[in-house]
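S.K.: Produce the complete structure using the sequences and hints provided.
Residue numbers (our numbering), protein chains in the order written: chain A, 388 to 597; chain B, 9 to 250; chain C, 303 to 354; chain D, 900 to 1117.
Keep in mind that a hint or two might mislead.
Below 20 Å or equal to it, Euclidean Cα-Cα: the simulated PhoX-like pairs (lysine-lysine) are [claimed, not checked]:
| id | chain 1 | residue 1 | chain 2 | residue 2 |
| --- | --- | --- | --- | --- |
| 1 | C | K352 | B | K241 |
| 2 | C | K309 | B | K241 |
| 3 | C | K340 | C | K352 |
Hints in this document: simulated from the structure, not taken from any laboratory.
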Amino acid sequence: MTMLSVENLAVTRGGLPVLEGVSFALEAGHALVLRGPNGIGKTTLLRTLAGLQPALSGRISMPPETMAYAAHADGLKSTLSVTENLMFWASVYGTGAIDTALDRMNLRQLAERAAHSLSAGQKRRLGLARLLVTGRPVWVLDEPTVSLDAASVALFAEAVRAHLGSGGAALMATHIDLGLEEARVLDLAPFKARPPEEGGIAGSFDEAFA
Amino acid sequence: MSIWEYANPKKFMQTSSWALPFVTVGAVGCLAVGLFWGFFLTPEATNFGSTVKVIYVHVPSAMMAINIWVMMLVTSLIWLIRRHHVSALAAKAAAPIGMVMTLIALITGAIWGQPMWGTWWEWDPRLTSFLILFLFYLGYMALWEAIDNPDTAADLTGVLCLVGSVFALLSRYAVNFWNQGLHQGATLSLDKQENISDVYWFPLLLCIAGFVLLFVTLLLLRTRTEIRARRLKALEQRERMA
Amino acid sequence: MMPELGKYTVTVMGSYIATIALLAVLVALTLWKGARVKRALDAQEERMKKNG
Amino acid sequence: MIALLTRDLRLAVRAGGGFGLGLAFFLIVVTLVPFGVGPEGGVLARIAPGILWLGALLACLLSLDRIFALDFEDGSLDLLATAPIPLEGVVSVKAAAHWLTTGLPLVLAAPVFGVLLHLPQPAYFWLVVSLMLGTPALSVLGTFGAALTVGLKRGGLLLSLLVLPLYVPTLIFGAELVRRGANGMDTQVPLLMLAGITAACVAVVPFASAAAIRVNLR
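M.R.: This is the structure:
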């Protein structure tokens, strides 16, 4: 079953196209890793898919209410405890259960600690636990393994694998190898938008000016 | 041939460069004749003395202060609905002109109020409303300046302009309620032209035309500058990305 | 030539001078910024043409 | 939505700034006014409605820039925007939380400060009524200003410049209501206007705020 399909997508940053002609499909039980140098537009692409910004052209199709997005920042409230942070997102997404997430991300002993007393890696794990409590099948992750040590990366990979195993899907942007052998890799470099004079797609202002 | 063609920046640049000499000459001509006529050739009024000559700068600037805001509202709406860049840039270009017009109306009003009412400033509804309008212009311009991304700035200032228009109107009503004032009613404005004799009326009409044309001239010039600045920004960004 | 303004000379002259001064500043700023941006844009376009 | 409200209230309580600072600021304004205008009871009683309203307005302004800034910095705002609650709801809840933490305490404390300024007896009732009706509009409009300036580094001063002109009608009708109440005059018109403005703001402005947030997150 296709969870997310993208056809001929072009995305813009600051009004200028950065990527064009991006097409892929993500099946249930599969993971796709977006690769590419800094500034190629990985974050922009993911934000567009998450609906935070409009696409310049192309089609994104996915069933409604299937996506959970996780950005660079974890969106944690430092004065709230781990449980309170998770409970909040659980009730926003209407799931309400956080126990599996605590166990899966190995946060059980930290449950009552305030988020500001967590280490960087622990915070990241809490951020990823947030994905589990959303109950959404498609994870869209921007640099999920930043500031994780090797053991935590393995833990993360395990969580993704379990998610895929239960019929979910994941789309990730990352520099480093996650140790997810089954994930497909999509290099974004070939999709870099060309200037309009070379036949690239025109940004909103260039188009109007020419 | 649709009017939206002029929303294309390139088309706008061509048309405006063709039209600029005409409006410039018109503006200078109307203003020179109107102000000269008003200043030198009109008689004193019985109740105002020679201060009646102030209307030739006060009334047109006050009219423009309001009309420019309305124009900004319209262009903001066009931008928000149809996403024509020129429209947003025209709103940006108009704001400082509107602000200066408001300032002129306020200053000439204060100078006029001094001998007429015996005070430089009175918290009269009209004056107060103009002060509030001035604040709206300042806020609008400050928001444009504060935001780097031009499209974001255009969107946010557009929304501010919409909300601000509603509140400017509301303030006008509130201020009226708060203090019934000293100010002349609309006796000197267009809709009550029978109240003002032809001696004053024709030069006033010329001055109003002059202010309108001056606004159009400045608006075209400033919009051209904004389009160039926008294009410059796009080019620089492209260069950085390449 | 100067019209007789009586005791309101300062008022009338003041209004006209203030108006003309403010408009002059606005026009000057408009022209100055216009010229500056035009120069910058021309330079940029020239440079981009040269670099391909 | 309720979860968001409880979270915001809890954050305000934990951070400590929410309830205390606004009230303390209000108290300082009320304390400073007699130093500026002299201690005579008659003068103070005459200007008390205006001072109390102005103080409440400034105290409200003080905490506006924090409505979205913290959520923007730690990334929660991105996540909230992709969450299954409409952004209009999010900004409404944010405004409600701001009102509960700053507006409501001001309403409750205002009569005490009225004593300090020799507010005439009949005005107390109208003071509370006018603040109760008016401060929600201040919070909602402040949320709009905060939404416009959310991504900006030096948004604080700009926020005041944008929001204060929008406060004019509320301030006029609110202070007028108290003044008329104090003098035993007819209070119906300002009362209805104040309530009308607040109702319209609460109903419509969140759409503008949500639009501004969407643009800022783009």
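S.K.: List in ascending order the numbers of the hints, as given earlier, that are violated by the structure.
M.R.: 2
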